[in-house]
Amino acid sequence: MTKHQANWSPYDFNGGTCVAIAGADYCVIAADTRMSTGYSILTRDYSKICKLADKCVMASSGFQADVRALQKLLEARHLTYQHQHNKQMTCPAMAQLLSNTLYYKRFFPYYSFNVLGGLDDKGKGCVFTYDAVGSYERVGYSSQGSGAKLIMPFLDNQLKSPSPLLLPAQDAVTPLTEAEAVDLVKTAFASATERDIYTGDKLEIVVLNAEGDRREYMNLRKD
Amino acid sequence: MISWVANDNLQTPHGGELIKGESCAPSSSSFTSVDLIPVDSLSPLQRNFFSKMYPSVSSGSMDHSQLQTGLLCLEADSQRTQYPYVTGTSVIAITYKDGILMAADMGGSYGSTLRYKSVERMKAVGKHSILGGSGEISDFQEILRVLDELILYDNMWDDGNTLGPKEVHNYLTRLMYNRRNKFNPLWNSVVLGGVKNGQKYLGMVNMIGVHYEDNHVATGFGNHLARPILRDEWHENLTFEEGVKLLEKCMRVLLYRDRSAVNKLQIAKITEEGVTISPPYSLKTYWEFSAFKNPTVGAEGSW
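Protein chains in written order, with the UniProt record's numbering: chain A, 1 to 223; chain B, 1 to 303.
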């Protein structure tokens, strides 16, 4: 008889879906608030969204312990940056820092799937999308996490962004108004919640624009 | 989900620390920094085991690199919890009107054997917090020792400042996550509750550092069996009596359906006034249902 014993893995998958959409003068970042393990829900109200700088917000899903460690590290790095440069990091700068931070742990990765949204130095919306080891790209909109496979094709269909292969390069920001983008995010999450067991409970939306930031919530299915 | 297999010679990105997995074979890779333990510091049992595995070392004829590998391997093997020995089952806790209520039974299981029946699995930490632990009992007691030290050293500042539940919980999350990063986990799910400055706090952490706060938490089986009840019946303004009743209802369900639960439990209360842990007591049970007495009635072919 083989020896039966408990075993452990340093990783878990706690689920969650993140979406970010960039507009001409705004950025919408959203994520659900469910935290699960396997078929169990751990809590229905855990925020996956982390404000890293005045104009830079990160939404992360994956392994919660790694996500939290990553958030803490970026917060600490941003604090040192403020002391050294006497200003807030720009979103593209934070994007590069996040990539480097993820790649630093290339051979024992942070099991986290992030989208970074914010405003660039010209006040234009920007979205950066990542994999767990730091590959990243600036895009007009993106989704990461357990519901990404359901949401991404929907966004592709609705936003019809110009192909990144076009020359000269076309602007990637979406033509939607802020209110339309928020609506689109709500619809996308309502649909993803129907089919993805790791998405649900509540949707948290952060909207960044010239005025500052604003948070909105919408209830999702709890089953 | 990634399935991660511990590598034989894994170099962490932070520097020279080397992590050994299953194999004990001396390898040819070069080590940058290795913690050595003197043979003298080994217990007789370890020394005996060691000299059987590496007879040349004790006689002093092994070269330095072999010695390092051998000792490193022994250290890795003997000082890491790769699986738990004596374990405690679920802890459940809720917030109520005046603070936090927590419940845990007193069983300590050695695999499926009920080895210990009077294990205290809830302890006060400092003035404002209470810690409940499930999983490996020895690791839980180690956590208590570490937290005692934390509280003591904080107290030595003598500045009138004290660590509240939020701080202790945060410390615990870092402790657990740090140990999983070293592939040397503390094999527990712990629940931390407390009240400080009128602020209630209830959170949990598990062995790999996953953590959250909620108005009701439960570890292990409790998350499956007790939390659905808590989600139904918990509300903000539970009185002490109602809270205890709710916890007892959950503990009774666990007693009936969790085989490692025992009918000897404690309930802990923490409010602004401080911590009280009840003396052990048992719940009334009812086993006279006909399906319990004769479980195979109607199941044809069963004996």
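The hints are simulated quantities; they were obtained by calculation from the structure and are not laboratory data.
There may be inaccurate statements among the hints.
[Unchecked claim] When the alpha-carbon atoms are kept at most 30 angstroms apart in a straight line, the in silico DSSO-like pairs for lysine-lysine are as follows:
| id | chain 1 | residue 1 | chain 2 | residue 2 |
| --- | --- | --- | --- | --- |
| 1 | B | K196 | A | K202 |
| 2 | A | K222 | B | K123 |
| 3 | A | K72 | B | K196 |
| 4 | B | K249 | A | K51 |
| 5 | A | K222 | B | K182 |
| 6 | B | K200 | A | K222 |
| 7 | A | K51 | B | K166 |
| 8 | A | K202 | B | K166 |
| 9 | B | K293 | B | K97 |
| 10 | B | K200 | A | K51 |
| 11 | B | K196 | A | K51 |
| 12 | A | K105 | B | K127 |
| 13 | B | K249 | A | K72 |
| 14 | A | K202 | B | K127 |
| 15 | A | K72 | B | K245 |
| 16 | B | K123 | A | K202 |
TODO: Decide if the proposed pair is consistent with the structure: A/K202 and B/K166, CA atoms, cutoff 30 angstroms inclusive.
DONE: 24 angstroms, holds
TODO: With a cut-off of 30 angstroms on the C-alpha distance, tell me whether B/K200 and A/K222 pass.
DONE: 25 angstroms, holds
Task: Pairwise hint evaluation, B/K127 against A/K105, where the allowed Cα distance is 30 angstroms at most - done: 39 angstroms, violated
Open item on the list: Hint check: A/K222 vs B/K182, CA-CA at most 30 angstroms. Holds or violated?
Closed with: Outside the cut-off at roughly 36 angstroms; violated.
Open item on the list: Just to be careful, I want the Cα atoms of B/K293 and B/K97 compared with a cutoff of 30 angstroms; is the pair within it?
Closed with: 41 angstroms, violated
TODO: Sort out whether B/K166 lies within 30 angstroms of A/K51, counting only the CA atoms.
DONE: 21 angstroms, holds
- [ ] Mind checking the alpha carbons of A/K222 and B/K123 for me, to see if they're no more than 30 angstroms apart?
- [x] 34 angstroms, violated
Open item on the list: Given the hinted pair B/K196 and A/K51, is their Cα-Cα distance within 30 angstroms?
Closed with: 27 angstroms, holds
Open item on the list: Check the hint pairing A/K202 with B/K127 against an upper bound of 30 angstroms on the C-alpha distance.
Closed with: At roughly 35 angstroms apart (the allowed maximum being 30 angstroms), B/K127 and A/K202 break the hint.
Open item on the list: Just to be careful, I want the Cα atoms of B/K196 and A/K202 compared with a cutoff of 30 angstroms; is the pair within it?
Closed with: Holds: B/K196 and A/K202 sit about 29 angstroms apart, inside 30 angstroms.
Task: Distance restraint between A/K72 and B/K245, which requires alpha-carbon spacing of 30 angstroms or less - done: 39 angstroms, violated
TODO: Please work out if B/K200 and A/K51 have their alpha carbons no farther apart than 30 angstroms.
DONE: The hint holds at about 25 angstroms.
Violated hints, in rising order: 2, 4, 5, 9, 12, 13, 14, 15, 16; the structure is consistent with all others.
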